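Engineer: Listed below are the residues making up each chain.
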Amino acid sequence: MFNFFNPQMPGNPMDFAKMFEFPAVPQQTPAYAQLSSMGNAFQSFWETLSSGGPAGLDSSHFEQLMNACSLGAQMFGANPAQTPPWPAQTAMPALAPAVFGDNVPALGPGREWQEDFSTLARLQADLLTCQREFLGLFSSFPQNAGERLQKALKDRRPEDLTFDLLSHIWIDCCEEEFQEVSTADDFAHRYAAVINASMRLRKHGDAMLEKRQRLANMPSRAEIDDLHERLAAAKDRELSMVARMEQMERELRSLRASVAKKTPARKPAAKTSRKTPAKKRS
Amino acid sequence: MTAPNSKFIEDSMSFQANLAKGMAQAGKLGEIRVGQTPKDAILHVDNLTLYRYRPTSRRTSQAQPILIIYALVNRPYITDLYEKRSLVRNLLDQGLEVYLIDWGYPSAADHYLDLHHYVEQYIDQCVDAVRQDSKTDRVNILGICQGGSMSLCYIALNPDKVQNFIAMVTPVDFATSDNTLARWFADIDVDVLIDAVGNVPGMMLNNMFLSLKPFQLNAGKYLDMVKIMGDSEKFENFMRMEKWIFDSPDQAGAMFRTFIKEFFHDNKLVEGGLEINGRIIDLKTLDLPILNIFATQDHLVPPSSSKALRYAVSSEDYTEAPYETGHIGIYVSSKAGGDIPKKIDGWLQERS
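Chains as they are written, first to last, in this note's numbering: chain P, 2 to 283; chain H, 760 to 1111.
Chain P on its own, in the form it takes in the complex (with noise of 0.2 Å):
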């Protein structure tokens, strides 16, 4: 019988296996040693299976062969609580650079979830970001409004000094300096920057939320603004419609005035001889 997994036969599939199932994983890594374990156990389990049989079998095999399970298992989302420890360590951190780029993608149901929460980690990081860069305008502020109160003290006596007065060059020279960062292009885009991440994260944690409401069959924001929204376009409607007879009218009133010009009046009617009224006609 021809022994696929043999792996003194040329063609072994899992030399195959290395040139074509791990493409983007780079052969020095431990992603790539992780992998070649998994297949390699694999490998031993059927080798020992096809040449000695069941028999040959032993409980290292078995072992391996459920290492190997949870290992694959650990790629794929799997509670590293209920697998060894190394490969929850590793196999994640090592695979997903190399092998995933900046996310990691998931199957079957939960991938639609798992990208959710991708993107809200992404999102949130964002934000962290963009508010350092913006806390970041602010790093000499102490510095500077100091050195601004020292000028602003410096001709004058101390004993001149009340509490009143001292409060009030402190807050000036502190809204000095900060007219002086508030002004510059550069604080209007890291402002506007904090702005834009949270409104994203805000909006991407809505969006999350309603999918929950619809599957619990719960009103949801979209839902009342889908129904504000028809409401707007139905109050337009009527608007555009009133608007319409209002111009109607108008027309109207100005046809009877014009007929009304044209038309002669209508001369009285003519007194007769008759005293009594003129009988109906059968």
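The set of hints was computed from the structure by calculation and includes no laboratory data. Take these hints with a grain of salt, some might be off.
[Unchecked claim] If we take Cβ atoms under 10 Å as the criterion, some of the chain P residues that face chain H in the derived model are:
#1 R112
#2 W114
#3 L167
#4 W171
#5 C174
#6 S183
#7 H190
#8 A194
#9 N197
#10 M200
#11 L202
#12 R222
#13 E224
#14 H229
#15 S241
#16 A244
[What the hints assert, rightly or not] When the alpha-carbon atoms are kept at most 30 Å apart in a straight line, the in silico DSSO-like pairs for lysine-lysine are as follows:
#17 H:K1020 / P:K236
#18 P:K152 / H:K980
#19 H:K1027 / P:K204
#20 P:K152 / H:K766
#21 P:K152 / H:K972
#22 H:K1102 / H:K894
#23 H:K766 / P:K155
#24 P:K262 / H:K920
#25 H:K766 / H:K780
#26 H:K780 / H:K972
#27 P:K204 / H:K843
#28 H:K1027 / H:K1043
#29 H:K920 / H:K1043
#30 P:K152 / H:K986
#31 P:K262 / H:K894
#32 H:K894 / P:K236
#33 P:K155 / H:K1043
#34 P:K155 / H:K986
#35 P:K236 / H:K920
#36 H:K1043 / H:K1101
#37 P:K155 / H:K780
#38 H:K1027 / P:K236
Computed from a predicted model, the values in this text were never measured in an experiment. Yeah, the Cβ is synthetic: ideal placement off N, Cα and C, and Gly gets one too.
Got chain P sorted already, so can you dock chain H onto it with the hints?
Structural biologist: Relative to chain P, chain H alone:
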């Protein structure tokens, strides 16, 4: 560092004593009442109410009635804060008929209210109601801040209904170099903002306005407050201002989106291209008399933004009236508050 001098210590002790006295006074304040000049509601449309103020003077002006159109971002009772600081009352004292649009508080159901609803529906209905109520063909419009910008759009579409226009701290050119607010709005993705929040919370805009002068408005103001806390009248007036500052309505999402994009980002009011339901807003078609009142120390609407009105319109009868005060002081400061109504009445009498 030398030890604090005795004056400093005395002053800080005095500050603490005033603060303690003031806190006791604060407990006796009760409800803060604003907008107390008697008025009657003559029109309700959705959240909006149109008020007609009752006359306070036997004197009657020859001028047409004034319709005050305030901004959406704050409550209009700043024009009638209390008896001694009331633009409305001072106008009434001149014998003028005064009407005011109270925009109310938008709810989530108003998310899709847009510029055309405010200009073509609400303002137009109010103008028609004023014309009917006062039995006049034309009205005078007093547009304040964003209300002035909306008024300009309205007049461009309905020139036959408006006799004279008074602009008060009205932004016209949103791209002047000293417009900090416009610079801050420039990079904000308003589509994502509206998608995320629906209506823009009033508090969010408030925080942005307070951020223009954060130390003065969040600290300095309250240090000065301690000095007046012992005087019940002054403290109550301070609290009226506080109430107004933080009583900010939410902004209808669609309207906010349009205003930021068309006015702040694209500056269409002066650059051209602004349309409302397919009708072009061209300020050059405005040839009615215009009185442009602005504040020289306005940090929200810089004078340069207001003064741009002169060249945006084709009116030959154009008058500027600068006042040495800030954006809010234009209606609550004693000097401006006393002078402006007389100026408005005198100006209108000549053009009735």
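Engineer: Each hint should be assessed against the structure and marked as holding or not.
Structural biologist: Each hint, compared with the structure:
| no. | hint | result |
| --- | --- | --- |
| 1 | R112 | 24 Å, violated |
| 2 | W114 | 21 Å, violated |
| 3 | L167 | 7 Å, holds |
| 4 | W171 | 9 Å, holds |
| 5 | C174 | 9 Å, holds |
| 6 | S183 | 7 Å, holds |
| 7 | H190 | 5 Å, holds |
| 8 | A194 | 7 Å, holds |
| 9 | N197 | 5 Å, holds |
| 10 | M200 | 4 Å, holds |
| 11 | L202 | 8 Å, holds |
| 12 | R222 | 7 Å, holds |
| 13 | E224 | 12 Å, violated |
| 14 | H229 | 5 Å, holds |
| 15 | S241 | 9 Å, holds |
| 16 | A244 | 9 Å, holds |
| 17 | H:K1020 / P:K236 | 24 Å, holds |
| 18 | P:K152 / H:K980 | 24 Å, holds |
| 19 | H:K1027 / P:K204 | 29 Å, holds |
| 20 | P:K152 / H:K766 | 21 Å, holds |
| 21 | P:K152 / H:K972 | 21 Å, holds |
| 22 | H:K1102 / H:K894 | 25 Å, holds |
| 23 | H:K766 / P:K155 | 18 Å, holds |
| 24 | P:K262 / H:K920 | 28 Å, holds |
| 25 | H:K766 / H:K780 | 21 Å, holds |
| 26 | H:K780 / H:K972 | 28 Å, holds |
| 27 | P:K204 / H:K843 | 46 Å, violated |
| 28 | H:K1027 / H:K1043 | 13 Å, holds |
| 29 | H:K920 / H:K1043 | 17 Å, holds |
| 30 | P:K152 / H:K986 | 27 Å, holds |
| 31 | P:K262 / H:K894 | 28 Å, holds |
| 32 | H:K894 / P:K236 | 29 Å, holds |
| 33 | P:K155 / H:K1043 | 55 Å, violated |
| 34 | P:K155 / H:K986 | 27 Å, holds |
| 35 | P:K236 / H:K920 | 24 Å, holds |
| 36 | H:K1043 / H:K1101 | 29 Å, holds |
| 37 | P:K155 / H:K780 | 35 Å, violated |
| 38 | H:K1027 / P:K236 | 27 Å, holds |
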